[in-house]
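Line by line, the protein sequences are chains G and S.
The opening residue of the first sequence carries number 1 in the numbering used here; numbering runs sequentially from there.
The opening residue of the second sequence carries number 1 in the numbering used here; numbering runs sequentially from there.
Rather than coming from a laboratory, the hints here were simulated on the basis of the structure.
Virtual Cβ for every residue (Gly too), placed ideally from N, Cα, C.
A couple of the hints might just be wrong.
[Claimed, not checked] Restricting the straight-line Cα-Cα distance to at most 30 Å, the calculated cross-link-like pairs of lysine-lysine (DSSO-like) are:
#1 S/K236 to S/K280
#2 G/K272 to S/K236
#3 S/K150 to G/K191
#4 S/K280 to G/K272
#5 S/K271 to S/K236
#6 S/K271 to S/K150
#7 S/K236 to S/K150
#8 S/K150 to G/K330
[Claimed, not checked] What follows is a set of in silico ranges between Cβ atoms, one per label pair, in the way DEER data are often shown:
#9 G/S20 to S/F230: 57 to 63 Å
#10 S/V34 to G/E363: 35 to 41 Å
#11 S/D275 to G/A212: 51 to 57 Å
#12 G/A58 to S/Y279: 31 to 37 Å
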Amino acid sequence: MATVDLWAKEGYLSTPDGNSIYFWGFAAAADAPAQLPGPLLLARAGERVTVNLTNLLAVPVSLVFSGQGRIEAGGGPARPQYDPDGRLFSFTDVAAPDGGTMSYSFTPAFPGTFLYHSGANPPVQVPMGLYGALVVRPADYDPALPAYKTAYGFGTGTEFDREYLLVTGEIDPELHRATAAGTPYPIHRFKPRYWTLNGRCAPDTMLPDGVAHLPHQPRGAMIMAQPGERVLLRYAGAGVDSHPLHPHGNHTRIVGLDGRLLQNGTADLSYKRFTVLVNPGQTYDQIFQWSGLGFTPENPIPTVLPNIRNLAVGEAGWTMWSGSPYLGRKGDIPVGVVSYNEAGEYHFMLHSHEEVKITNWGEFPGGMMTMIAIFSSLDPGVGVLT
Amino acid sequence: MAIVARRFGATDGRVRTPDGGEHYIFGFVDLTGVPEEEIFARRGRAQLPGPLLEADEGDEVFLTLTNLGMPTRPDLDDSHTIHWHGFPNQIPLWDGVPEASLSVPVGRDFVYYYRPRDPGTYMYHCHFEPVEHIQMGMVGPLIVRPALEKRPEFAGRRFAYNDPTTEYDREYLVFVTELDADAHAAVAGVQGFDWTEYRPEYWLLNGRSYPDTVRSGPELPRQPYSGLIFASPGEKVLLRCVNLGYQQHSLTILGITLRVVGVDAQPLRGKNGEDLSYYKNTLYFAGGQTMDVIFTAPEPGVYPLFNRNYHKNTNAGRTFGGMVSEVRVE
Ligand SMILES: [Cu+2]
Ligand SMILES: [Cu+2]
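Here chain G stands alone, though its shape is the one from the complex:
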């Protein structure tokens, strides 16, 4: 990577229940929309990273890079910023309002998943959307060689076939309304009504990257893989609350925490969980693998599939189900139900187990929820982080 330019700008988020929410975010170009989360920064351990920030907002904005040492800003060591009364207002040097710039640089020492966000008035600016993820590749990373397509380097047991990033966040529309109107907001009363994965609320989380009607939320959150593949799932807690994320289908093996390999010398400290609590500022690197139970039409399930007329399928008017118990097959779906199942793939929900957070302002389904789709065959170009 070497050099990345970011613009802090304003924009409007869209929620599936029809709300349009003013927000602040980072854009990848002067004329590009602000996005939530900000552009993914992809770096390589040991290689210098420079991020040039241009601030188009009316308040000072800065950048903080979690887990990174010796950050330089404006040519010298990054320093906390104080107002004339000696009160801290930013963790690092700021880009001044209305067009100011600041250049940050650092050399990531370790591979892993990290966060970046504004360090100026973060109690407001981070929930407003000024955050994003930084993924650092190991120095020996080579996606063309399976033994070197790893999260933490050759020989660390972190090889993967596909990878996905899920950045968690929360939205209190009142904060955004007050900020847009320039009226006071009691930040200690922060009360989210929306919960996001990659800036989107379900069911938008399941839409592809870059859909036209979500210009400020370009990143989908759908996980897709084939049976047995090693899926690297990177969770990053960008918001201010903790979220117990629970994937159906299987446990995950947590191999990295906060961008550090869970290994001490020769001792392996990785562990398997069915729910992990993603705390503010925390990241998890995990391997998810789904291998199934071995049932096929030739080795049929030991229960009788009842007539679907006697069961409920797609009561909401839509379903992700194939209608068949078998992977890659399709069966009957009731007339009038829209099926989003493409090729007989299996869908497993991945969601916050604080179920209030899988609503959009109280209405299920919504919020911090997506699906893991297991296809019998899937293009190798799916599940590549860019």
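Got chain G sorted already, so can you dock chain S with the ligands onto it with the hints?
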């Protein structure tokens, strides 16, 4: 390897809190072995938490869910499901997510099939409109027992995992949830409820709040699991802790240190067999997580078990209540 055939009904009912409150719930009722002509009479008799589902590693479990409907809300024709939370390599058909397979309408049956291979403590719950159905009470405990117990050299002994260091003499369930009376009243009264306003004022241990947690008689038929823990000095006690609430909880037992041997139905062993179990005075866990902990009962006495988030030791603001119970060593 045995065949385990169980049948659970989904219906509604009422639970009580010690302050005299009565709360409308949805939940499960055990229909295993109930003759067909008596099934209808089980409507409206849901229990909190739901009946314990248990199996041995390698068993074949055929679990029939029968949707009995809601006598108190006959207008409500919601479907239900059973989701075995944490079952490895599940297929959607038996995963109980209505959006990803099917759910069971009123008056219908569906058979879920499981062949558990990983021992430990799990949970099950309905996944239909889960924010409502889980809070309303469609939750239950789930235990898979290790194959180790069947080895001749371990006959008659009990273990949490396939690991001799997880041996225990007695086991208890510590199943924690919350109850927001406004939400329950809204559902009972066919009113809408904004779930972002969820604000429980009861904190339940095995479906009860203190002092009901320390009752052991039959006076709470719809809340059949006492919160009392009994042991004799020197005995090893396994607590199977499940959080199926929407909050994070912090459990502690005054004077007793707990050895954590399993989390999320995974023994705390490294890839190379390293013993990664550890000792804690306070267990902090989130919704959708389970912990298996073992302690050795100390000298005779009463050891309070409570939530270290002290505001959760109340019933609608009154102390003591909520998530409080006792370990009685005698
Ligand atoms: Cu239900
Ligand atoms: Cu669950």
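Pair hint outcome, S/K271 versus S/K150 [Cα-Cα no greater than 30 Å]: Holds - the C-alpha atoms of S/K150 and S/K271 are around 24 Å apart, at most 30 Å.
Restraint check for S/K150 with G/K191, where alpha carbons must lie at most 30 Å apart: Outside the cut-off at roughly 52 Å; violated.
Pair hint S/K271 and S/K236, alpha-carbon separation not exceeding 30 Å: OK: S/K271 and S/K236 at ~26 Å, within 30 Å.
Beta-carbon spacing of G/A58 to S/Y279 - inside the hinted bounds 31 to 37 Å or not: Roughly 53 Å apart at Cβ, these two residues miss the hinted range, so it is violated.
G/K272 paired with S/K236 [C-alpha distance capped at 30 Å]: 26 Å, holds
Distance restraint between S/K236 and S/K150, which requires alpha-carbon spacing of 30 Å or less: This hinted pair holds, its Cα atoms lying about 20 Å apart.
S/D275 versus G/A212 beta-carbon gap, inside 51 to 57 Å or not: With Cβ atoms ~54 Å apart, the hint holds.
Distance restraint hint 57 to 63 Å, applied to the beta-carbon atoms of G/S20 and S/F230: 58 Å, holds
Proposed proximity, G/K272 with S/K280 (alpha carbon, max 30 Å): With a Cα-Cα distance of about 20 Å, the restraint between S/K280 and G/K272 holds, given a limit of 30 Å.
Satisfaction of the hinted span 35 to 41 Å by the C-beta atoms belonging to S/V34 and G/E363: 37 Å, holds
Restraint status (C-alpha distance of S/K236 to S/K280 at most 30 Å): Judged against 30 Å, a Cα distance of about 16 Å means the pair holds.
Given hint G/K330 paired with S/K150 - CA-CA distance at most 30 Å: 41 Å, violated
The structure shown violates the earlier hints numbered 3, 8 and 12.
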